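Chemist: We have chain A; now place chain B onto it with these hints.
What follows is the residue order along each chain.
Number of protein chains: 2
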Amino acid sequence: MPTAVEFARGEYPRFLDELKALLRIPSVSTLPEHKGDVRRAAEVLVAELKRIGMENVRLIEGSGHPLVYADWLHAAGKPTCLCYGHYDVQPPDPLDEWLTPPFEPTERNGNLFARGAVDDKGQMYMQVKALESLFKAHTGKLPLNVRVILEGEEEVGGESIAKFVREHPEQLKADFALVSDTEMFAPELPTLCVGLRGMIYTEIEARGAKNDVHSGMYGGAAPNPFVALAQIIAQLKDKDGRILIPGFYDKVQAPSKDELKAWKSLPFDEEHYRLNEVGSVQLTGEPGYSVIERTWARPTLDVHGMPGGFIGAGAKTVIPAKAVAKVSMRLVPDMTPKEAFQQYKSYVESIKPAGVELDVRLIHSGDAIVIGTDNPYIKAATKALKQVWNKDTVFIRSGGSIPIVGDFERHLKIPTVMMGFGLPDDNLHAPNEKFHLANFYRGIESIITFFEELGK
Amino acid sequence: MPTAVEFARGEYPRFLDELKALLRIPSVSTLPEHKGDVRRAAEVLVAELKRIGMENVRLIEGSGHPLVYADWLHAAGKPTCLCYGHYDVQPPDPLDEWLTPPFEPTERNGNLFARGAVDDKGQMYMQVKALESLFKAHTGKLPLNVRVILEGEEEVGGESIAKFVREHPEQLKADFALVSDTEMFAPELPTLCVGLRGMIYTEIEARGAKNDVHSGMYGGAAPNPFVALAQIIAQLKDKDGRILIPGFYDKVQAPSKDELKAWKSLPFDEEHYRLNEVGSVQLTGEPGYSVIERTWARPTLDVHGMPGGFIGAGAKTVIPAKAVAKVSMRLVPDMTPKEAFQQYKSYVESIKPAGVELDVRLIHSGDAIVIGTDNPYIKAATKALKQVWNKDTVFIRSGGSIPIVGDFERHLKIPTVMMGFGLPDDNLHAPNEKFHLANFYRGIESIITFFEELGK
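Listed in order, the protein sequences are those of chains A and B. The opening position of the first sequence corresponds to residue 1 in the UniProt record's numbering, with each subsequent residue numbered one higher. The opening position of the second sequence corresponds to residue 1 in the UniProt record's numbering, with each subsequent residue numbered one higher.
The following block holds chain A by itself, in its conformation from the complex (with noise of 0.2 Å):
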């Protein structure tokens, strides 16, 4: 009889198969329109967590995109371990900037390009195929006692399932839980993520003339909605990128010397990164800090979209009513994302330039997080990944947010291993997301080892 790693490498090119299917539903869950693609996404994950053995398998209705729940609690005295993962997408556009389409999933190159290719229906699916070979190698039984929940939500922030983890706790008892949407600091590098930048979404709307007028007939007395926007923007962060906002920095926790002194031993050199990750003429960011302590332990403030005026080709001399900004930042620990917007909120109309009305509005946020690298989920997951990828794991922080961390901790009590097998070059929430398939076939492999280590 076969071990559970050796079905795996077996059934890879089914396993494949499945997921180009997976990705060819355009489950994008912040545009309408998509709102039945959402659901089929969960459908197919339904039918297969039923197939392969999983118990208890359900969507769990809510106001918005559903949860899929499946439970297998039949390893007594093992561990349970909340499985997570999420099978919404963000939006494919800029279109015309992918060389294949964005669900139309292609192999290049040992890579699978699509949208969600990493982000995160191939990691997801990694655990569910993770399941099926243990069962398949345990006689129709797991190693441990696992509880799966995915969500549909995760790119619009996550509301459903933070409703669910806040008032339904007991139904989702573990011991801790096992993220796959994080990325390895470098190809053949595995890597455990222990910390997490929180975040909070925001949208600054100016509002001057109540009508679009003429900026020749008003141009001198009529108020822009972008010229203000502007100038609170300038005010926002200052020339090298450190935050205006008072108080901001406040609670902002360094990392230790250790985190510090094994930060600096990774392979990672900021001309290539500049050169080859982000292909600008210059980093920007506040001086001082390295590139990783920028990205994973500074909090930072970025400018996602500015809608409203015209928009269109050529020139429509137009100073419009309305124009909004779409403003995020970053948060790191000790941060909370109430405070954080208070404090934003309360700078932003104390800057109010003359002449406009400010809607300061929070789309969404999320907890900032660092997890212990001694407690026993981590270690097994490091021992697994040794077994796996023969090297030493690194613990490493990410700069985005996984909201649904902080929520297993505040109201499950449980830690999370990150165990994530991205590549930095693979385009998250970009044209040409992309999943390297080595990654995808030995994080199964991982997931497999690590589970059958903690049922040692």
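It should be emphasised that the hints constitute simulated quantities derived from the structure, not laboratory data.
As the list makes no split between identical chains, a pair holds if one copy fits it or if it spans any two.
No farther apart than 27 Å at their CA atoms in a straight line, the calculated lysine-lysine pairs in the DSS-like style are these: (1) K239 - K210; (2) K239 - K345; (3) K239 - K352; (4) K173 - K78.
Keep in mind it's a predicted model, so treat the numbers as computed, not measured.
Modeler: Okay, now just chain B, sitting in the frame of chain A:
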């Protein structure tokens, strides 16, 4: 036999029906999908000019939308008028703010609502109907010589007509031009516009990372083009609205003492204007100048839209690879578009934020104009207006730009009579554009009377 004015009065219902038909054609010159509609509007005008008795009526084809030409040159010894108007219109967006559809002309409270009602189809059509009435009353003749030149690119920079005027001045030889594309200072106040601001319409494109990147992973390292544009825009004007481009004000000519005195006597209340025309909580612009001075005699700078990034509903955490700001400046005598753009471009490049590359583009431009009030055409127009409106004419300037007036001055060496009948609340370039129907009718009578005065 009825006089021309009497003839017109008998035909107003038909004139209005014809105007409505013209307004139903969505001749939006900036949108490629309306190219056919723009041509259709031109063809309707060709047919109508032929029908009323004009000669040599034809389309003049170029690389853009066609010009419409017509003439009648048999009034020996009388002056020649060059009638100008434009049959293209601004885009109608935002569509959801129109009370009735922009291309379904609708009468409400004595006004005709439609895109182009006043700018400029309605005003252009006053000229056509004045000519028809004169032909009818003068037994197939006109009291003076007339050339008509109509364009379909006024809202996109007017390249074709500028080229034609520059290259074929002999084909447009005239003693003065009549442009009906301006407004009355107040209802019932006959007005001649004797000054226009010039303009430069530009785009600043800022480019950071080579691709869109995730603001979690890269926030703190990747340059943000929107933040860069905001920093630039915030340095273009100070908080009081004074433009910070070095040298920008050097050539600005202050209005004469007489002009300033006349402007002060106009019926204008800044608080009424703020409340009823602009509707903002406060007016903006340079301290120390009245609204009239700021909008007629001072250069200004506005931002019209900032394409790029994510502008949909909800949250997409992207740092876009590029973003654009559409920025225009209004110019006054003796500024020149060429020098103003050079000063602007140099300054923008000199304040380029770290990490981004910039492309500063001129989209189009027009000269600022001041016309002397002592020429015979302005005097005849004043006399005609007194007769029709029974009030003395006020001489105003306009904050808007009609670049063709500068071209007529430069290449044809003729002055322009800007006799317009728009009202300040006509919503030019905005939703619910309208034309006051009484002004459409009395505009026709004013042009008839003006031409008869010159033919005496």
